[in-house]
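Trainee: Residue numbers (the numbering used here), protein chains in the order written: chain A, 1 to 194; chain B, 195 to 385.
Hints are computed from structural coordinates only; laboratory data are not their basis. Glycine residues also receive a C-beta, built at the ideal position from the N, C-alpha and C atoms. Check the hints yourself; a few may be wrong.
Output of the computed footprint for chain A on chain B, the stretches with three or more beta carbons under 8 Å from beta carbons of chain A [unchecked claim]:
| no. | region |
| --- | --- |
| 1 | 195 to 209 |
| 2 | 258 to 266 |
| 3 | 295 to 302 |
| 4 | 315 to 329 |
| 5 | 337 to 346 |
For the chain B half of the interface with chain A, some residues (derived, Cβ under 7 Å), not all of them [claimed, not checked]:
| no. | residue |
| --- | --- |
| 6 | G212 |
| 7 | L213 |
| 8 | T216 |
| 9 | A218 |
| 10 | R230 |
| 11 | S255 |
| 12 | D305 |
| 13 | G306 |
| 14 | E310 |
| 15 | S350 |
| 16 | C384 |
| 17 | G385 |
Beyond 10 Å from chain A on every Cβ pair, some chain B residues (computed) [what the hints assert, rightly or not]:
| no. | residue |
| --- | --- |
| 18 | A219 |
| 19 | L220 |
| 20 | A236 |
| 21 | A250 |
| 22 | E275 |
| 23 | P308 |
| 24 | W334 |
| 25 | E380 |
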Amino acid sequence: MSPLPLARLLWICALVGVLAGLVHLTSLLAIPAVAQHDAYARVQAIGRPFATLALPAASPISRAFPFADPAVASSVCLYDLARGPVRARAPLGRAGFAALSFHSRRGIVYFALTDRAANKGRMEALIVTPEQLRNLISRDDEDNPSEDLRIVSPTPTGFVMARMLSDSPDLMPAAEAQAAAMTCESEPIGDAEK
Amino acid sequence: MRVYLLSTAIALAALALGLWTTEAALTGAAPISIDRLGPWRAPARGGGEDDPYAHARVERSGEIPLGLGEGLRLTAQVDSEGRALNAACLYRVGPRAPLARYWTLEAMDDDGFPIENAAQRYVLRSSEILREPDGGFWVWVSARAHAGDWLPIGASGGFALTMRLYDPALTGLAAGADSAAAPRIERMRCG
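So that you can see chain A by itself, here it is in the shape it has in the complex (with noise of 0.2 Å):
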């Protein structure tokens, strides 16, 4: 073979920088849709719809959920939109930190609120989608405002998550049963009026 010239190197290379550019957006924008481990897959792989799930403290032996620190208890609740708005609740007890994050079928946060934003005692919101808000909002009595927090969740489907903070390792367990009371229940629009 006779050495290349160098004008048509450069070509190759360029061919090269601009094809290895395609794949890496290919490879990049597919990952979500092939991920079969998502954040979403494991929830979905031990809970059910509407139940709350406590998951195991963060420690060397259960490893379902990477990265989760060790000293803060959480749980998952599935919720699917599909019969109406649903309401997520959860208590405050003891917890030094406490946290309600919303995640969307494709595991990313939409929204979180921290114990700073509650209300009554407890962290509370109705996650809607787009069409439920329009409706909420055509029902809202401009004199009687609803106190609802109401988040939009891009997806149909997705869950949420709380988080409570032990102080120290001996209030684990009280930050376990404070994580353990969170709800989220479907709240049909018809029901919710007053």
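Model the placement of chain B on the given structure of chain A, informed by the hints.
Mentor: Using the frame of chain A, we list chain B on its own:
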């Protein structure tokens, strides 16, 4: 014949390069959409609905990420001088942490899980550590027991340090966060 060989070579090279850059971006070898704070990195931000890198990283690891405003996870695989963390060494971490209501410090393995140790101590909380009069702290990280606030690691193998900030004052590291506010990871001695 030569044309076929050349096309095959180009296709293979492009495939390899493309997949490698994806892998590198997701594992942190190429720091795409990763914020740095001293030796600490903040990968896999939740709330990145529009960031394909953050998205793919979260999907692939199976992590349930912390939400924006909920908390921030910082991970260090190197000490403050850029040397890889080594289980044979003694480290101290401190004396300050970024402003947050709480923080926790954990030693974890390469897969993101706590490291087995006889003391069954996997994490230290900001609410349970000793403080110096000026509010500073030092956490000691080593395989062998150490006086003061000791975070055990395995006797061999790699490890990473993870600091989680709950209700942090900084919600985005990019917004001029001061790297002096991040704890230093000082290697004291090895062997």
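Trainee: Each hint: holds or not?
Mentor: Here is how each hint holds up against the structure:
| no. | hint | in the structure |
| --- | --- | --- |
| 1 | 195 to 209 | holds (count 7) |
| 2 | 258 to 266 | holds (count 8) |
| 3 | 295 to 302 | holds (count 5) |
| 4 | 315 to 329 | holds (count 5) |
| 5 | 337 to 346 | violated (count 0) |
| 6 | G212 | holds (2 Å) |
| 7 | L213 | holds (6 Å) |
| 8 | T216 | holds (5 Å) |
| 9 | A218 | violated (10 Å) |
| 10 | R230 | violated (18 Å) |
| 11 | S255 | holds (6 Å) |
| 12 | D305 | holds (6 Å) |
| 13 | G306 | holds (3 Å) |
| 14 | E310 | holds (4 Å) |
| 15 | S350 | violated (15 Å) |
| 16 | C384 | violated (24 Å) |
| 17 | G385 | violated (25 Å) |
| 18 | A219 | violated (7 Å) |
| 19 | L220 | violated (8 Å) |
| 20 | A236 | holds (12 Å) |
| 21 | A250 | violated (4 Å) |
| 22 | E275 | holds (25 Å) |
| 23 | P308 | violated (5 Å) |
| 24 | W334 | holds (18 Å) |
| 25 | E380 | holds (24 Å) |
Checked against the numbered hints listed earlier, the structure breaks hints 5, 9, 10, 15, 16, 17, 18, 19, 21 and 23; every other hint is satisfied.
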